[in-house]
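Asker: Sequence:
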Amino acid sequence: MQTGAKLPEVTFHTRVRDEAVGGPNPYRWEDKTTADYFAGKRVVLFALPGAFTPTCSTYQLPGFEKGFADFAAEGIDEIYCLSVNDSFVMNQWAKAQGLENVKVIPDGSGEFTRRVGMLVRKDNLGFGLRSWRYAAVVNNGVVEAWFEEPGLADNHGEDPYGVSSPETVLGWLREVNKEQAA
Numbered sequence: 001m002q003t004g005a006k007l008p009e010v011t012f013h014t015r016v017r018d019e020a021v022g023g024p025n026p027y028r029w030e031d032k033t034t035a036d037y038f039a040g041k042r043v044v045l046f047a048l049p050g051a052f053t054p055t056c057s058t059y060q061l062p063g064f065e066k067g068f069a070d071f072a073a074e075g076i077d078e079i080y081c082l083s084v085n086d087s088f089v090m091n092q093w094a095k096a097q098g099l100e101n102v103k104v105i106p107d108g109s110g111e112f113t114r115r116v117g118m119l120v121r122k123d124n125l126g127f128g129l130r131s132w133r134y135a136a137v138v139n140n141g142v143v144e145a146w147f148e149e150p151g152l153a154d155n156h157g158e159d160p161y162g163v164s165s166p167e168t169v170l171g172w173l174r175e176v177n178k179e180q181a182a
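Here full-length UniProt numbering is used: the first residue of the sequence shown is 1, the next is one more, and so on.
There may be inaccurate statements among the hints.
Just the calculated beta-carbon pair ranges, DEER-fashion [as the list claims (entries may be wrong)]: (1) Gly151 x Arg17: 20 to 26 Å; (2) Ala69 x Ala35: 23 to 29 Å; (3) Ala35 x Arg15: 18 to 24 Å; (4) Asn155 x Ala69: 35 to 41 Å; (5) Phe88 x Glu179: 23 to 29 Å; (6) Ala72 x Glu179: 15 to 21 Å; (7) Asp31 x Glu175: 15 to 21 Å; (8) Ala35 x Gly117: 19 to 25 Å; (9) Tyr27 x Gln180: 37 to 43 Å; (10) Gly171 x Ala96: 35 to 41 Å; (11) Gln92 x Gln180: 37 to 43 Å; (12) Val16 x Asn140: 40 to 46 Å; (13) Pro160 x Asp18: 36 to 42 Å.
Derived DSSO-like pairs: lysine-lysine, alpha-carbon spacing no greater than 30 Å straight-line [said to hold, decoys possible]: (14) Lys122 x Lys178; (15) Lys32 x Lys178; (16) Lys66 x Lys122; (17) Lys178 x Lys95; (18) Lys95 x Lys41; (19) Lys95 x Lys32; (20) Lys32 x Lys6; (21) Lys66 x Lys178.
Since the hints were derived computationally from the structure, they do not count as laboratory data.
Only a predicted model underlies this, so the values are computations on that prediction, with no experimental measurement involved.
Backbone N, C-alpha and C define an ideal beta-carbon position, used for all residues, glycine too.
Make a model of the complete structure from these sequences and hints.
Answerer: Right under this line is the structure:
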């Protein structure tokens, strides 16, 4: 995607906790749209190849989670983590990571990821179709800044990480806000 592009309108099939359901798995299906997540907010969206994978679980997701207050101080309302995983997997990963600040978005069918041009094959790892790693600052559904890891390709031999890191995105926000204040 490019700066100034509007995010595609898609429907995400999520599972939300609902005690009225009862039983050991009190969740119900709830469809959410791009507008539900992005309308009227300035957010950081970051996407990664898969829940529970090493770089995602060790650096990227924890960095955004721990840095939430710093992002909020720079005018960010929400931080979203998106992956081509279903809602069951994303919810369990959020639970395992102890998330309190970052919200997960399941793109189980890869529709959003495909429409933003980031759907890649990872058959070399047995993953199938997944998201290339990227981050974006999105203001009211419009891309304000785009941070894409280099080398976008199917079956890439590596998993580049750095351009989409929390530190890079936060640095960009701080620089923009400093320029606007001057």
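Asker: Could you run down the list of hints and mark each one as holding or not?
Answerer: Each hint tested on the structure:
1. Gly151 x Arg17: 20 to 26 Å: violated, 38 Å
2. Ala69 x Ala35: 23 to 29 Å: This hint holds: roughly 27 Å between Cβ atoms.
3. Ala35 x Arg15: 18 to 24 Å: holds, 20 Å
4. Asn155 x Ala69: 35 to 41 Å: holds, 38 Å
5. Phe88 x Glu179: 23 to 29 Å: violated, 43 Å
6. Ala72 x Glu179: 15 to 21 Å: holds, 20 Å
7. Asp31 x Glu175: 15 to 21 Å: Since Asp31 and Glu175 have Cβ atoms about 37 Å apart, the given range 15 to 21 Å is violated.
8. Ala35 x Gly117: 19 to 25 Å: Distance hint for Ala35, Gly117 holds at roughly 20 Å.
9. Tyr27 x Gln180: 37 to 43 Å: Since the Cβ atoms of Tyr27 and Gln180 sit about 42 Å apart, the hinted range of 37 to 43 Å holds.
10. Gly171 x Ala96: 35 to 41 Å: For Gly171 and Ala96 the Cβ distance comes to about 28 Å; the hint is violated.
11. Gln92 x Gln180: 37 to 43 Å: Since the Cβ atoms of Gln92 and Gln180 sit about 40 Å apart, the hinted range of 37 to 43 Å holds.
12. Val16 x Asn140: 40 to 46 Å: violated, 24 Å
13. Pro160 x Asp18: 36 to 42 Å: holds, 39 Å
14. Lys122 x Lys178: violated, 39 Å
15. Lys32 x Lys178: Roughly 34 Å separates the two Cα atoms, so the pair is violated.
16. Lys66 x Lys122: holds, 29 Å
17. Lys178 x Lys95: violated, 36 Å
18. Lys95 x Lys41: holds, 25 Å
19. Lys95 x Lys32: holds, 20 Å
20. Lys32 x Lys6: holds, 17 Å
21. Lys66 x Lys178: Holds: Lys66 and Lys178 sit about 22 Å apart, inside 30 Å.
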